[in-house]
Amino acid sequence: MDIPNMLKDNLDQSMDISNQENTPRRSFLRLNTKAATPKRRSLHQNIISKRSVEDILSPRFSNRPSKTSVSNIDSFDCSITINASDRMSKYFKSNQNDLSNTSLLMDRSNWSLHEMMEDSAATGLIIKSDKPWKKTASKLYQEFLEIVQVNFSEIQVFDAIADFIQSCTDTLSVMRSMQAKVDNSELSEEEISLQNERNTWRLVYCLYQNRLAANCHSRMDTDTNGNISEKEVIMNLLANQSQVREYQLIIDWLEKNASDELEMLPKIEHFTDKTVAWENTIHQLQNYQTGITFSSSRPVVTSLDPDAPIREGKPLHDLDKEDDARLEKRMFLEVRCGRLQKAQELSIHCGQPWRAACLLGWQPHHDPNYKNPMNDTKLPIEGNPHRALWKLTAWHMSQDTRIGTFYRAIYASLCGNIHQLLAVAQNWSDALWAHIKVLMDVEVEKELREMMVKEYVPMPEDYWKNKVSLDEIFDNLQASKDPAIRIQANKPDHLIQKYIILDQVPKLMEQIEIWINQKSCEPQFLRFLAHLVLFLRHIGKSTNEKVGDKVLLEYVKILTEIGDPALVAFYTATLPPNDQITNYANYLEGIRDNDMRKNCLSAAENASLNVEAITKMVVENIRNKNIEAVDTLDSGVVSKITEADLEKIDALDWLIFYQNQREEALWQANALIRYFLTCEKTDAARKAFNKIPTNSIEILMMDCPSIENTIDQTTTGDLSLHQSSASIREYLCYKAYLDAQEGFQEWFQHFHQGKPIPPDPLSSYATFTEKVAYDHKKAQYESDLERWKSTMQHHTKEVKQLLFNVLLFPQGGWLVDTKEASVEDPLRKHQLEKLRSLCIPKVTLLLLTVMSEMNQHMECVELADVLASEQYKLYKVFSKTSLREVYTKICESSVVLMDQKKDAWGYSK
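Counting from 3, one number per residue, gives the positions in the sequence shown under our numbering.
Any given hint could turn out to be false.
[Said to hold, decoys possible] 25 Å max Cα-Cα, derived SDA-like pairs, lysine to any residue:
#1 627 / 701
#2 836 / 778
#3 737 / 725
[Said to hold, decoys possible] Now the in silico label distances, taken between C-beta atoms and shown as ranges:
#4 564 / 887: 22 to 28 Å
#5 790 / 887: 25 to 31 Å
#6 493 / 144: 37 to 43 Å
#7 827 / 489: 58 to 64 Å
#8 429 / 521: 42 to 48 Å
#9 701 / 759: 47 to 53 Å
#10 757 / 659: 45 to 51 Å
#11 883 / 790: 41 to 47 Å
#12 299 / 388: 39 to 45 Å
#13 770 / 810: 57 to 63 Å
No lab work stands behind these hints: they were computed from the structure.
Because the structure is a prediction, the values reported are computed rather than measured.
Even for Gly, the Cβ is constructed at its ideal location relative to N, Cα and C.
Based on the provided sequences and hints, a complete structural model is requested.
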């Protein structure tokens with residue numbers, strides 16, 4: 003026994019959102035995904051005003067004309083199909099007020115899922131590529147992002163699911179059309195996966211809308227005056243029992259999915275024109291005396307009434323028997339798809355109207371005249387008053403082996419015979435449909451026999467044994483005798499559908515965690531899981547946030563490989579705060595193009611990510627790459643700038659985009675300069691130094707005026723000001739050192755390359771002309787030499803000043819933090835001490851080279867006093883080796899001074 007088509011009418015529209023017209027997407031909206039759990043009350047209050055289940059199950063935008071209702075079956079349809087509600091139109095119009103408070107019981111539209119928009123021009127461009135439908139499926143990443151962004155509020159959660167279904171269906175249609183142009187092979191794995199995903203979204207929509215809206219249903223009171231009809235009992239059952247409604251939702255979902263698949267198969271009309279029944283048998287009986295060319299291989303029936311083959315025990319003509327088998331199979335397929343009316347139309351089309359008439363006996367009885375407000379008008383009585391007797395007869399027919407297997411299965415679906423339905427089940431969905439349909443039939447029959455006062459013909463004992471729980475049904479599927487069903491029962495798509503039907507979200511999350519840990523999820527499947535997790539969170543059903551974060555993290559990794567910043571940023575924002583920073587920073591590490599970097603930061607802002615923390619981590623991650631490998635290289639090789647060095651330097655640009663990050667940019671640049679100077683990569687250090695805009699110090703001073711006081715040793719309790727002050731001081735130290743290095747390079751180049759070359763001496767046989775020319779060259783040389791000496795005096799003065807700026811850096815010394823601006827960072831402190839021991843001896847040697855080359859030996863000797871001074875304590879940063887080298891040069895200068903008739907300190911004797 004099946005239930006009324008009233009629920010079917012609701013669900014028809016709910017599983018076929020996939021056929022809605024393509025509407026233009028709204029522009030991206032900024033969405034803070036870190037919102038709290040949605041308010042259930044708000045969701046319940048608004049759920050009926052949104053697209054209900056009927057918006058998903060029926061083809062809303064088809065231009066196909068409405069099908070003609072069959073007047074004698076316009077009240078119920080035993081198959082409760084997706085597309086068979088037209089015969090219910092009269093009933094719904096008359097009972098609209100009674101169903102106004104039930105979100106599942108809503109008006110129908112007449113349109114079809116299979117009238118899809120097909121972009122032939124677009125598909126033709128890539129039809130010759132290798133599996134072009136894969137490229138089509140890749141667009142789902144962006145489409146799902148747009149859907150989530152547009153439907154971001156709590157009351158739009160089911161609109162998002164509906165759009166998911168639409169997007170999957172459109173993509174599936176394009177993929178199939180593209181594959182059909184290439185070959186006519188079976189569905190690819192990508193198509194099967196996408197089809198299963200669409201079916202799962204349909205299930206999610208139907209079941210969770212029913213569950214969340216259960217409290218919104220107004221209970222329908224039972225008529226206590228004894229005039230309640232079977233149809234009214236079923237209506238009350240559906241309206242008052244959420245679990246029973248779910249059974250019917252599952253049935254309709256399975257039937258809709260089967261209907262979509264059946265549309266791809268050839269129809270009975272492709273094999274026969276409208277004709278009379280058993281025409282070959284008729285022809286043989288009419289011409290048995292004269293003989294016929296194609297007679298049956300066995301004696302045929304002598305009568306042509308519908309019961310003749312069983313009554314006489316003789317078969318029909320072989321060709322008629324074959325036609326009947328094909329017709330019965332197609333009729334069962336239509337019933338399996340929930341289209342009982344279509345099955346009846348097929349039997350009439352093939353000249354066998356009695357088959358259609360036999361399928362009318364399941365209809366519940368209802369006499370509308372008891373509640374007819376028009377006393378002068380008598381309404382026709384609906385349904386079968388002897389429905390119970392018909393059902394018992396149908397049970398016996400379903401077990402009669404003399405009847406065709408599929409024809410018996412049709413009656414089995416109407417009377418609850420599970421064994422015959424399972425005998426024709428080809429896959430997991432067929433078996434689940436058989437179990438749920440029988441369970442629903444038992445629930446309805448039980449309710450009728452409890453509520454109705456009349457006597458019913460008792461059903462067989464095996465019929466009542468079919469009342470089992472959903473858990474038992476799925477256990478039976480996993481233990482099915484059919485190996486194909488057992489295998490399919492453990493497929494990921496069917497496991498997800500199982501746990502959704504059972505409403506076992508914790509077990510679902512456990513199973514998802516297993517798949518994630520096994521690294522067995524395809525990218526498209528991860529996309530589906532990620533959005534399923536987001537949906538469960540949105541409705542407050544997520545019970546294991548850890549697993550949800552794992553799914554979203556894996557999806558973000560897939561999107562990172564795709565490289566679209568909008569995708570990566572949006573879904574990264576669904577992760578915990580620390581994971582947001584880490585993963586988006588990892589994504590940004592590979593971005594080198596400046597415009598792309600701006601797009602990535604803009605996307606991060608739109609997704610409400612912590613941009614400052616992310617850019618900081620990006621710079622630190624890149625700066626810490628390959629450090630150990632560099633430190634082990636020979637110093638002569640390390641001094642050359644490598645590609646890795648350039649990457650570290652370019653990474654500083656991430657901190658330059660925002661003015662409020664100049665302090666962090668300065669801090670990170672200092673750290674990178676420390677690294678380069680330690681590796682003796684002065685040129686790389688200069689490049690890193692030049693990355694900081696020249697106005698950065700001024701900006702920091704304006705943002706934090708107290709910094710200047712902190713630098714001037716004015717105490718402050720703000721730790722951030724301490725760091726800013728220390729960062730600025732360190733930056734200025736590097737400026738002094740790099741300027742000194744550049745100054746020495748200029749001096750060295752001018753000293754060795756700019757010095758004029760004296761003319762070659764004249765030979766003893768030079769002519770007068772050569773002597774005049776020589777005198778001219780010598781005069782020019784002496785002029786150039788004087789000019790060079792003057793320039794060198796100027797360069798020497800400048801470079802000495804620059805080098806002394808490092809040695810005599812104020813307020814404690816070069817790379818020494820003041821007490822008031824110190825930072826507790828042991829690694830930084832160690833690096834600064836190492837740089838002092840490396841750079842100060844180097845600067846000292848450069849200074850000695852400059853002064854000794856310029857014959858300023860007395861100042862070289864005086865430098866010893868500076869190094870030994872307790873005011874600067876420079877001697878502490880020298881190793882014994884470097885100190886010995888310095889004083890060796892000073893001794894050489896003393897020797898030169900004594901050669902000049904002076905004492906060792908340069909004073910005249």
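query: Which numbered conditions among the earlier hints are violated in the structure presented, ordered from lowest to highest?
result: Violated: hints 1, 2, 4, 6, 8 and 11.
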